[in-house]
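Asks: Single-letter residue listing:
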Amino acid sequence: AQSVTQLGSHVSVSEGALVLLRCNYSSSVPPYLFWYVQYPNQGLQLLLKYTTGATLVKGINGFEAEFKKSETSFHLTKPSAHMSDAAEYFCAVSENQAGTALIFGKGTTLSVSS
Amino acid sequence: DVKVTQSSRYLVKRTGEKVFLECVQDMDHENMFWYRQDPGLGLRLIYFSYDVKMKEKGDIPEGYSVSREKKERFSLILESASTNQTSMYLCASSPTSGRSGLEQYFGPGTRLTVT
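Keeping their order, the protein sequence lines are chains X and B.
Going by our numbering, 85 is the number at position 85 of the first sequence; the sequence numbering is gapless.
For our numbering, add 1000 to where a residue sits in the second sequence, where the first one is 1.
Accuracy of the hints is not assured; some may be wrong.
List of simulated lysine to aspartate or glutamate pairs, EDC-like, C-alpha gap at most 20 Å [unchecked claim]:
no.	chain 1	residue 1	chain 2	residue 2
1	B	Lys-1018	B	Glu-1079
2	B	Lys-1053	B	Asp-1026
3	B	Lys-1018	B	Glu-1062
4	X	Lys-106	B	Glu-1103
5	B	Lys-1071	B	Asp-1051
6	B	Lys-1053	B	Glu-1030
7	B	Lys-1071	B	Glu-1056
8	X	Lys-49	X	Glu-71
9	B	Lys-1053	B	Glu-1072
10	B	Lys-1003	B	Asp-1028
11	X	Lys-49	B	Glu-1103
12	B	Lys-1053	B	Glu-1069
13	X	Lys-106	B	Asp-1038
14	X	Lys-106	B	Asp-1059
15	X	Lys-58	B	Glu-1103
No wet-lab data here; the hints were simulated from the structure.
Chain B with its partners taken away, still in its complex shape (with noise of 0.2 Å):
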């Protein structure tokens, strides 16, 4: 079974604290995203990555930057953590080669709070 893991399923951070949430999957995928998840708003992606070292922006990178220096592991990094940062994180990877997407494989979450 493909297994995509997160760092801490639960986290509180304070204001202007730099944050690191960490995901790894253990399939060999060339794709890892990050998403945050809202109630009524679902999910919506952060940033991706095809491939070790290379990023893309999602819809709302603002105050996120990430990191990929392994191709098992993909980071989110909060710069300066803001209160309307508290929200769900989940990562997920995908086993398509290239930049296509198609099924997405999900790990539990980490729920943030930004005190």
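Bound conformation, chain X alone (with noise of 0.2 Å):
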């Protein structure tokens, strides 16, 4: 069975810090990955995905997430944090054939101080 688990429910930073949100995750095929981001009442919105080719990935927002299979991971970077960049974030896993629905891990809240 897939799983996702995101290490630390909550990061804080300084602005122009580098943030690092961190996503390993357990499955039997090759995956499909992907980084949520949700904004306060809002619904989630698509930061990037990896699906085949490319192991570095860039999304919007100045955002990147590097696949890698030997450490199961796929944590979320961005060289320089803005205020506008606190929210929850969320990776989640699929099977990249006939199955069921995304599997998402519990979430990150990332903070950012002045």
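Both chains are sitting in their own frames, so use the hints and assemble them into the complex.
Replies: Set out below in structure tokens:
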């Protein structure tokens, strides 16, 4: 069965600092991997996704993530945090063949201080 | 742009009431999903549908049912609302055919309070 673990339910950084949000997954087949962001009182918005090909994936708002099969990880990074990055972030995994819906991690709340 | 709309942003219902949450998508997606979101628990799948009149149970279907009579519309029904169903409900749709799960597009959510 697939699963997703997000390490750290809360992460706090200063404006301009590196953002690193950790995600590890388990999957018996090559996975599709996603990061979503949720701003207060809104739905989820796709930041980036990995399906096949290049393992370093660039997304919106300056975020990127690297698929590391050997570590079963898909960590999200941004070189310099902005106040507007404060939100909840969800990592998700899906089988790339007939299966069910996305499996989500429990989320990481990012706080950015000035 | 893909648009997923939900009938209400905020809803307050009494215990025992029958509650309908409606979701409509405008991009002809085959797959539609209902999740509930609770603090510390992330998103949990209630039901999903990969075609009209087709449905499959997710991880937490108890106390819920769904209806998909038209491709664009997916309804979540709480047969007899209870206080432990107070939550944020999120609808999503996916542009894939068949049952594989790929990128999903989310609605804004309905925050349901059952008193």
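Asks: Which of the listed hints are not met by the structure?
Replies: none
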